[in-house]
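**Student:** These are the residues of each chain, in order.
Protein chains: 2
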Amino acid sequence: MFELHKTATTTKARLGTLTTDHGTIETPIFMPVGTLGTVKAVKQDELIRKVKAQIILGNTYHLYLRPGCEIIENAGGLHSFISWDHPILTDSGGYQIFSLSDNRELKEEGAHFKSHLDGSKHLFTPENVVEIQRILGSDIMMILDECPPYPSSHDYAKESMELTHRWEKRGRDAFLNSIPHYNHQQFQFGIVQGGTYPDLRKESAKYITDLDFEGIAIGGLSVGEPIELMYEMTDLNTDYLPKEKPRYLMGVGKPANLLHCIARGIDMFDCVLPTRNARNGQIFTPDGYVNIRNAKWKNHNRPLDPDFPTDLCSRYKMSYIHHLFRNNELLGLALASLHNLTFYLWLMEEARNRIADDTFHSWYKQKAELLDTKI
Amino acid sequence: MFELHKTATTTKARLGTLTTDHGTIETPIFMPVGTLGTVKAVKQDELIRKVKAQIILGNTYHLYLRPGCEIIENAGGLHSFISWDHPILTDSGGYQIFSLSDNRELKEEGAHFKSHLDGSKHLFTPENVVEIQRILGSDIMMILDECPPYPSSHDYAKESMELTHRWEKRGRDAFLNSIPHYNHQQFQFGIVQGGTYPDLRKESAKYITDLDFEGIAIGGLSVGEPIELMYEMTDLNTDYLPKEKPRYLMGVGKPANLLHCIARGIDMFDCVLPTRNARNGQIFTPDGYVNIRNAKWKNHNRPLDPDFPTDLCSRYKMSYIHHLFRNNELLGLALASLHNLTFYLWLMEEARNRIADDTFHSWYKQKAELLDTKI
Numbered sequence: 001m002f003e004l005h006k007t008a009t010t011t012k013a014r015l016g017t018l019t020t021d022h023g024t025i026e027t028p029i030f031m032p033v034g035t036l037g038t039v040k041a042v043k044q045d046e047l048i049r050k051v052k053a054q055i056i057l058g059n060t061y062h063l064y065l066r067p068g069c070e071i072i073e074n075a076g077g078l079h080s081f082i083s084w085d086h087p088i089l090t091d092s093g094g095y096q097i098f099s100l101s102d103n104r105e106l107k108e109e110g111a112h113f114k115s116h117l118d119g120s121k122h123l124f125t126p127e128n129v130v131e132i133q134r135i136l137g138s139d140i141m142m143i144l145d146e147c148p149p150y151p152s153s154h155d156y157a158k159e160s161m162e163l164t165h166r167w168e169k170r171g172r173d174a175f176l177n178s179i180p181h182y183n184h185q186q187f188q189f190g191i192v193q194g195g196t197y198p199d200l201r202k203e204s205a206k207y208i209t210d211l212d213f214e215g216i217a218i219g220g221l222s223v224g225e226p227i228e229l230m231y232e233m234t235d236l237n238t239d240y241l242p243k244e245k246p247r248y249l250m251g252v253g254k255p256a257n258l259l260h261c262i263a264r265g266i267d268m269f270d271c272v273l274p275t276r277n278a279r280n281g282q283i284f285t286p287d288g289y290v291n292i293r294n295a296k297w298k299n300h301n302r303p304l305d306p307d308f309p310t311d312l313c314s315r316y317k318m319s320y321i322h323h324l325f326r327n328n329e330l331l332g333l334a335l336a337s338l339h340n341l342t343f344y345l346w347l348m349e350e351a352r353n354r355i356a357d358d359t360f361h362s363w364y365k366q367k368a369e370l371l372d373t374k375i
Numbered sequence: 001m002f003e004l005h006k007t008a009t010t011t012k013a014r015l016g017t018l019t020t021d022h023g024t025i026e027t028p029i030f031m032p033v034g035t036l037g038t039v040k041a042v043k044q045d046e047l048i049r050k051v052k053a054q055i056i057l058g059n060t061y062h063l064y065l066r067p068g069c070e071i072i073e074n075a076g077g078l079h080s081f082i083s084w085d086h087p088i089l090t091d092s093g094g095y096q097i098f099s100l101s102d103n104r105e106l107k108e109e110g111a112h113f114k115s116h117l118d119g120s121k122h123l124f125t126p127e128n129v130v131e132i133q134r135i136l137g138s139d140i141m142m143i144l145d146e147c148p149p150y151p152s153s154h155d156y157a158k159e160s161m162e163l164t165h166r167w168e169k170r171g172r173d174a175f176l177n178s179i180p181h182y183n184h185q186q187f188q189f190g191i192v193q194g195g196t197y198p199d200l201r202k203e204s205a206k207y208i209t210d211l212d213f214e215g216i217a218i219g220g221l222s223v224g225e226p227i228e229l230m231y232e233m234t235d236l237n238t239d240y241l242p243k244e245k246p247r248y249l250m251g252v253g254k255p256a257n258l259l260h261c262i263a264r265g266i267d268m269f270d271c272v273l274p275t276r277n278a279r280n281g282q283i284f285t286p287d288g289y290v291n292i293r294n295a296k297w298k299n300h301n302r303p304l305d306p307d308f309p310t311d312l313c314s315r316y317k318m319s320y321i322h323h324l325f326r327n328n329e330l331l332g333l334a335l336a337s338l339h340n341l342t343f344y345l346w347l348m349e350e351a352r353n354r355i356a357d358d359t360f361h362s363w364y365k366q367k368a369e370l371l372d373t374k375i
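Residue numbers (UniProt numbering), protein chains in the order written: chain A, 1 to 375; chain B, 1 to 375.
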């Protein structure tokens with residue numbers, strides 16, 4: 001499934017390909033998030049033609065509640081339901097149970113929770129989230145885990161990690177003892193936890209590695225801890241992960257974060273940030289970011305960056321984009337979402353090119369600093 | 001500017017072309033409404049490539065308040081501000097003063113009103129709306145009129161019409177005594193009023209004809225009167241309008257209304273209905289309309305109409321479109337808006353083809369009935 005083509009010499013950055021029945025993904029890669037089976041404000045054909053997305057993400061928790069498994073199964077699976085003939089990764093719903101559900105109770109068998117929509121009661125177990133993701137038919141499914149909050153005590157983080165480990169063993173067994181519902185192969189990724197404690201992170205990486213998933217995710221980061229601590233834990237985790245498996249850092253992040261984590265050996269990313277921030281008027285560019293609602297753009301009658309190939313950057317005057325945002329026009333949200341995702345995928349391509357020609361190390365720190373600058 | 005190519009034999013339907021410096025428009029035509037310089041939820045390149053829009057409309061009242069004339073003038077006019085190199089028609093703002101403004105007072109010199117946004121005080125006169133539209137730089141500008149409500153007494157409708165006539169004379173003079181601000185020609189259309197009174201409609205048509213505008217609009221209809229009365233007034237008005245001028249029925253309407261009014265000699269239409277109703281989940285098709293939020297579509301796993309060339313109709317399953325609307329996803333609004341406008345422009349092309357091959361009369365009534373049917 002995963003082929004490692006190159007590891008950079010001075011950093012841990014890697015170049016690889018990940019092959020699924022719906023297409024091959026070049027890594028490092030960013031996966032746009034399509035929570036409810038739609039990447040907000042972006043059309044499927046734009047994701048392919050303009051964003052050049054290679055894989056998108058769907059949220060099991062959300063799709064299970066709306067429209068529900070029956071409708072997606074009747075439609076022939078998630079690919080068919082949303083008309084997307086390219087790779088899809090689905091998470092396990094674990095993170096949303098803890099961040100969205102009104103009420104949840106962790107037991108050994110699984111996570112009991114109430115829907116954030118109507119208060120209805122549900123249970124996710126390591127086994128049934130495999131079954132739900134068999135119904136969704138994602139190319140890559142994630143294992144059920146518990147994501148402890150930051151900060152958590154060492155005791156809490158350890159107990160949580162141990163529960164996650166037991167769940168992951170059960171989830172892996174359920175996966176190995178079941179078969180795809182549709183005519184394509186599915187892979188399963190495990191998730192490393194351990195809070196911000198190096199000993200637990202190390203232990204978890206080893207345990208999860210032994211379960212021999214097709215890929216390994218680093219979970220429980222980017223949940224409020226200082227950014228340097230996130231980098232540190234990522235760096236430590238990748239030291240204990242097998243080279244031949246793809247590594248996915250969940251829920252990260254800003255453009256600069258991606259570069260720093262590629263340097264620490266990460267292959268895959270997902271985050272709602274580019275689309276959510278787009279809807280708030282934050283535009284990412286190769287030279288830093290812009291808050292389009294700022295009055296400084298009101299009378300700025302040139303495009304932001306004529307050389308960057310999105311309509312937002314090269315077709316429209318900044319004064320017009322500012323006007324759209326000031327008036328909450330849907331066109332503003334659509335142009336900015338399309339732009340930010342195109343930028344993220346462009347940044348990943350840049351990173352891949354830099355790894356390929358051995359200039360990543362000399363490029364990424366300065367670039368990350370520039371990307372974090374407000375224009 | 002306008003060339004009349006053909007008038008149907010059994011109905012008053014006409015085939016023509018309207019030539020502006022930004023392009024030639026085939027009539028009958030529907031003009032998508034871009035209130036604030038954006039057709040809601042549709043991208044400019046989609047308007048051209050997919051909708052096949054030939055001309056769009058901007059609202060003087062809205063653009064004057066936001067972003068204001070200074071910003072649009074600095075950007076080089078409305079075409080340049082919104083990046084639209086095709087024809088634009090702007091209304092005079094008269095209708096919005098009466099429908100949106102918190103507070104307005106009609107005087108002989110013009111309409112005093114307070115902004116619906118911040119309560120600030122403004123005055124529109126027949127002369128300054130010409131000047132504002134010179135700044136906007138629309139290809140076709142409308143004259144300032146008063147649009148009386150329905151129902152209005154004969155006395156009120158007559159007084160209102162007479163004020164409108166005095167304003168139109170002043171507005172026409174202001175137009176003839178001023179020049180474009182940019183490097184393209186502008187035309188000015190007059191507006192016939194007279195409420196729902198045949199004698200006034202006839203008088204107004206004659207008066208406005210004498211002012212020799214480049215085109216003539218029928219105003220004051222589709223404001224709540226019975227549909228048959230709207231058809232009757234339209235029919236009566238076109239009998240008194242010169243054949244060699246384009247005729248624009250303002251603010252109409254549903255697909256069936258368009259066909260009935262083409263049969264009564266109308267060349268141009270505008271209405272927010274296709275985009276507004278799209279956002280509420282009403283989808284127009286050649287075989288009738290659909291309310292996509294209806295539960296009957298929840299588990300409907302086929303496209304609505306594989307033969308109609310929009311993504312909404314032919315790419316996606318109805319269950320998915322239903323899901324998008326039930327969850328207020330922006331993609332639903334975008335797909336439906338794009339679809340409805342594409343449908344309106346397709347319907348106009350159908351009508352033109354039917355007029356060209358002399359089958360309009362035998363086609364339009366049955367088609368109008370079908371279009372008014374709920375699927």
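Among these hints, one or two may not hold up.
Okay, the calculated beta carbon distance ranges per label pair [what the hints assert, rightly or not]: (1) A:Gly76 to B:Tyr231: 41 to 51 Å; (2) B:Tyr231 to A:Ser120: 49 to 59 Å; (3) A:Asn353 to B:Asn353: 43 to 53 Å; (4) A:Ala295 to B:Leu106: 42 to 52 Å.
Calculated from the structure, these hints are not laboratory results.
In this text, a Cβ means the ideal position worked out from N, Cα and C, and glycines have one as well.
**Student:** What are the numbers of the hints that this structure violates, sorted from low to high?
**Tutor:** Hint 4 is the one this structure does not satisfy, whereas the remaining hints hold.
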